[in-house]
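Based on the provided sequences and hints, a complete structural model is requested.
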Amino acid sequence: MGIKQRIDLLISFSFFVLLTGPCYSQTDTLLPGQLLKDGDELVSAFGNFRMGFFSYMSSEDRYLGIWYHRPTDPSDSHWSYGSPKINQPVWVANRNTPIADKSGSLTIDSRDGNLKILRKGGNSIVVSSVQAMGNTSAALYETGNFVLYETNPSGSMERELWQSFDYPTDILLPGMKLGLNLQTGHGWFLRSWTSEDSPAEGEFTLNIDPNVSNQLIIQRRGEVLWTSGLFPHWRALDLDSDFHFSYTLNEKERYFNYSLNGNFTSFPTLQIDSRGSLTVTGALPISCPGSEGCVRLSSCIGYFPDDFELNWARKRGFMSVDGFKFKGSNNTSRDDCATKCLSNCSCIAFAITNENNNTACEIWSRGS
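Residue numbers -25 to -1, 1 to 343, in mature numbering (1 follows the signal peptide of the UniProt record, and there is no 0), belong to the letters of the sequence shown in order.
No wet-lab data here; the hints were simulated from the structure. No residue lacks a Cβ here, since even glycine has one placed at the ideal position from N, Cα and C. Incorrect hints may have been included.
To be verified - Pairwise CB distance ranges, derived in the manner of DEER restraints:
| no. | residue 1 | residue 2 | range |
| --- | --- | --- | --- |
| 1 | Met108 | Ser221 | 31 to 39 angstroms |
| 2 | Met32 | Gly160 | 36 to 44 angstroms |
| 3 | Glu135 | Ser308 | 39 to 47 angstroms |
Unchecked claim - Derived PhoX-like pairs (lysine-lysine); straight-line CA-CA distance at most 20 angstroms:
| no. | residue 1 | residue 2 |
| --- | --- | --- |
| 4 | Lys95 | Lys77 |
| 5 | Lys12 | Lys77 |
| 6 | Lys91 | Lys12 |
| 7 | Lys12 | Lys95 |
| 8 | Lys77 | Lys91 |
The structure is reproduced here in structure tokens:
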């Protein structure tokens, strides 16, 4: 064999390796034996959603998440899996167990068929815990749902075993449920992040009311802070016509979910933020329990009335002492300050004056 032939073979072999090497950026499916390493991505069929590892700003902690992919100015995002930057995640797999470095990888355990995150120097993080009868694969759907399913001998789907939509974090996507499975007792609810830069489970939840079947509630540590009012007359959830909510009640489950009307260049979602506010992502808050600087705009008609968001607004400025009683506390947190004010009908405003550690609560009440 001549030198030219050997060179041609070498080039052909190198080209073949490049073509057949693993490339997760163009697939939506994780197969048995594959690793989704830090820096790799799963991409939904039409590219709307991506899944991979990310970190926040300068933090070295790594999380496995799903985010909506749209063109964006990199300077507008604090989220990064390396380069380029990404949009805010809509789902996080390991929100309470971050990985300290970039050693993480998602895989399907060959022993039980479940999804697990492997990491250096630590136990694996269990993502799914189901019983599989055969081989399993996982896919990222165009809805943003990540699904583990059992396959038949031909490799096609036999049945779904687990889905991320059953375990939402702080954001409700179209098709997700808020409610309760009456047969298993499993609940679908949103839980806020601990803070704006930490996905760990926070204090606030958005859930279906366990006592009133057709309304939503926001709770902080189990205490009700806000109610939506009875569906479909949600005076306290003033969403525009882009959101179409529905309520389902049968012997198996009761839940709310929603769909979007029309086409969008962005992807509006509902989110409960770290301060307990329910917002449309990229828009103004719908409700403001737990936020500093809330001022009551009209008379109190009960503890968190149905038209709560119409009665409160964030304000910056000065409060007169004429006709009002003032009370201050240096050791009260922002959230406790909000709760004290919002549970008292005579309170007309509250504020946090120490921005360094979110303490120093000031409350104004109507004078006697």
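Quick rundown of the hints versus the structure:
no., hint, result
1, Met108 x Ser221: 31 to 39 angstroms, "34 angstroms, holds"
2, Met32 x Gly160: 36 to 44 angstroms, "38 angstroms, holds"
3, Glu135 x Ser308: 39 to 47 angstroms, "42 angstroms, holds"
4, Lys95 x Lys77, "9 angstroms, holds"
5, Lys12 x Lys77, "8 angstroms, holds"
6, Lys91 x Lys12, "12 angstroms, holds"
7, Lys12 x Lys95, "12 angstroms, holds"
8, Lys77 x Lys91, "16 angstroms, holds"
Checked against the numbered hints listed earlier, the structure breaks none of them; every hint is satisfied.
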